[in-house]
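Here the protein sequences come in this chain order: P and V. Be aware that the first sequence starts at 6, since it is given in the numbering used here, and climbs by one per residue. Be aware that the second sequence starts at 6, since it is given in the numbering used here, and climbs by one per residue.
To be clear, the hints were calculated from the coordinates, so they are not data collected in a lab. Some hints here could point you the wrong way.
Because identical chains cannot be distinguished in the list, a pair is counted as satisfied if it fits within a single copy or across any two copies.
[To be verified] 30 Å max Cα-Cα, derived DSS-like pairs, lysine-lysine: (1) K72 x K266; (2) K266 x K46; (3) K131 x K61; (4) K61 x K155.
Number of protein chains: 2
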Amino acid sequence: MNGDASRRMFLKSVGVLAGAAVAGSTASAASAAPSALNDSKKFAPRFGLASYTTRKLTLDQTIALVKRLNLTCLTLKDMHLPMNVPLEATAQTAQKVRNAGLDLYGGGVIYMNSEVEVNRAFDYAKAAGFRLIVGVPRHELLDYVEDKIKTYNIAVAIHNHGPEDRLYPTVQSAYTRLEDRDKRFGLCIDIGHTQRSGIRPADDILQFHDRMLDIHFKDVSAPTRRGSTVEIGRGVIDIPAALEALRHVGYQGIASYEYEKDADDPLPGLAESVGYVNGVITMMNRNK
Amino acid sequence: MNGDASRRMFLKSVGVLAGAAVAGSTASAASAAPSALNDSKKFAPRFGLASYTTRKLTLDQTIALVKRLNLTCLTLKDMHLPMNVPLEATAQTAQKVRNAGLDLYGGGVIYMNSEVEVNRAFDYAKAAGFRLIVGVPRHELLDYVEDKIKTYNIAVAIHNHGPEDRLYPTVQSAYTRLEDRDKRFGLCIDIGHTQRSGIRPADDILQFHDRMLDIHFKDVSAPTRRGSTVEIGRGVIDIPAALEALRHVGYQGIASYEYEKDADDPLPGLAESVGYVNGVITMMNRNK
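The following block holds chain P by itself, in its conformation from the complex:
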C-alpha cells in the first residue's frame, strides 16, 4: 500500500471522509502534474458552512440558514458551541445540530497557545463528536498536538491566516512543519487568505493536497493583504480553477463556505456564493 492509499484508508476510518465515496484513484503526489484520472468523474463535492459566517446569528438561525441553502455540513465556532461550559452541555448542543440532519464534522478556528489549551480543545472536540479541529497551534506545541491526535483519533487541520499572521501566513508555512507527522495532522486551506498572500488557490490545492483535510471556500476583493471577503464570483479568485484543482486531486473532504462580509445579514451574499459555485460545477460536469 502506498502512502496515498494508506492515508485514504485512515481518512475514511476516522470519518473525515464519512459519507464520501473514496475515489478509486487520486493524484499520487502533491504536484500539479496533469492527470485525467479524476477529471472524468462527475464532480460533486460536499459543501458546508464555517459558522464564523453567522457569528452574529444564533445557533438555531445558523442551522436554518445552512438548511435553506441545501448545505449538509457544518463546522462550529465557539460562539455557537461555547468552550466555557460543561462538556455535557457541549455534547447536547452538538447532538441538537445532528438531530437537524447536519454533518457537524468539526469546529474552529481554535487557537492553541499552551498545553492547557490543547487539552481543552481535544476534550471539547471529543465531547462534540468532531472528526476534525481547525486549529492554530503554536509551533512549539506541534509535537504535543500530534500526540493528542494519536490519542484522541481526531484530526487537526492548520488554518492559514494570511500575510499578517505570524504563525501560518501561508499554506506552505504550515505544510513544511507537518512533514513526516501523523497523516491526521493536516491543512485547512483558506483560499481567501491564500489569495491575499498573492498565491493562486488552485496552486495551493495542487501542491499541498496530500495534507488537505478541510477548505474555507470564499472570494476576496484583492490579491493582497487589503483584500476582504466578497460574494463568490465578484472577487479576484479564479473559482473555476480552484474547483478544477479539487476535482483534479480527487478531494474527498468537505469544502466549507466562510463568508465574512455582511455579518448582520450574511444569507444573501452567501446564497449568491453558493449559487455561483453550483453554476460553475454544473458547467464542469456538462463539459465532460
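Fit chain V to the supplied structure of chain P, relying on the hints for placement.
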C-alpha cells in the same frame, strides 16, 4: 437592408437596446441553425428584475434589493408603480427609480381587456418613460394595440403564461398572432411557463428570437403545469442551454429575473439564482 438589420435599427432607436452594443451580426432567422458568429464573443447579457418578485416589498426595498444583487435593470409591476394615480405621480415615481441608477425599462405584466385598458396602459407607460410594456392583450385588441405601438413608439412584449392560460399558453401561440405586425410588437419569453408547457426554453429562444423583446428568467420544479418557481439551479430547466441559446441568437435585450417563491423573503433565493447564472456565464466565457 434586410429585415433583421432594420429590426435592429428600430430596436436601437426605440431604446429597447439602449445601453447594449448591437452585435455586428445576429442569427438571421428564427431557426436553430448552428452559427459560430455570436458564439465567439464574450457573453455579457444585462440582467434585471421583474418586480412581481418583490410584490410584498415596498419600492424602496425593491430598489435596494436590485442594487445589492448588482442588477442594473428593472420592470415594475403595478404594486410598485400604481396605475390608479395621476400620471404626474407615475412620472415622479419612475424618476425616483432612475435617480437610484437603475434602468427602468418597462412595466408589467399589464392585462389589456378593452380599448380603455389599452389606452390607460400606454398613457401610464409614456408617463413612466417605459421603452416596453410586458402585456397580455386580448386577441381582438391586437390591431388596436399595434396602432398604439406606432403612435407612442413604445414596444409591447406578449407574455406567455403557461398551460392554464386561455390567451397565450405558449410563446408560439403569441408568435403566430404577431406575423407581419410592427416589429415593436414582440414577446416576453417566460422560460418558467415555457418549461411548464413541456417546451425547452432554449428551443423557444432559438425558434422565436426574432420577436423576443424581453425574458423572464427563472427555474421551475417540474416540466409540467404542476411546476412552480424554485431557485435557479435547483429546478428542471436546462439553464446553460437557455443561456447558450441567448448567446447564439445574439440577444441584445435584457433578461429579468422573476422569482415567485418566498414572497415574504425573496432575496436569498433570488441571490442564489443570480449567483448560479453568473457562475454558468463565467464558464461559458472561460470555455471559449
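(request) Could you tell me which of the numbered hints above are not met by this structure, giving the numbers in increasing order? (result) Structure breaks hints 2 and 4.
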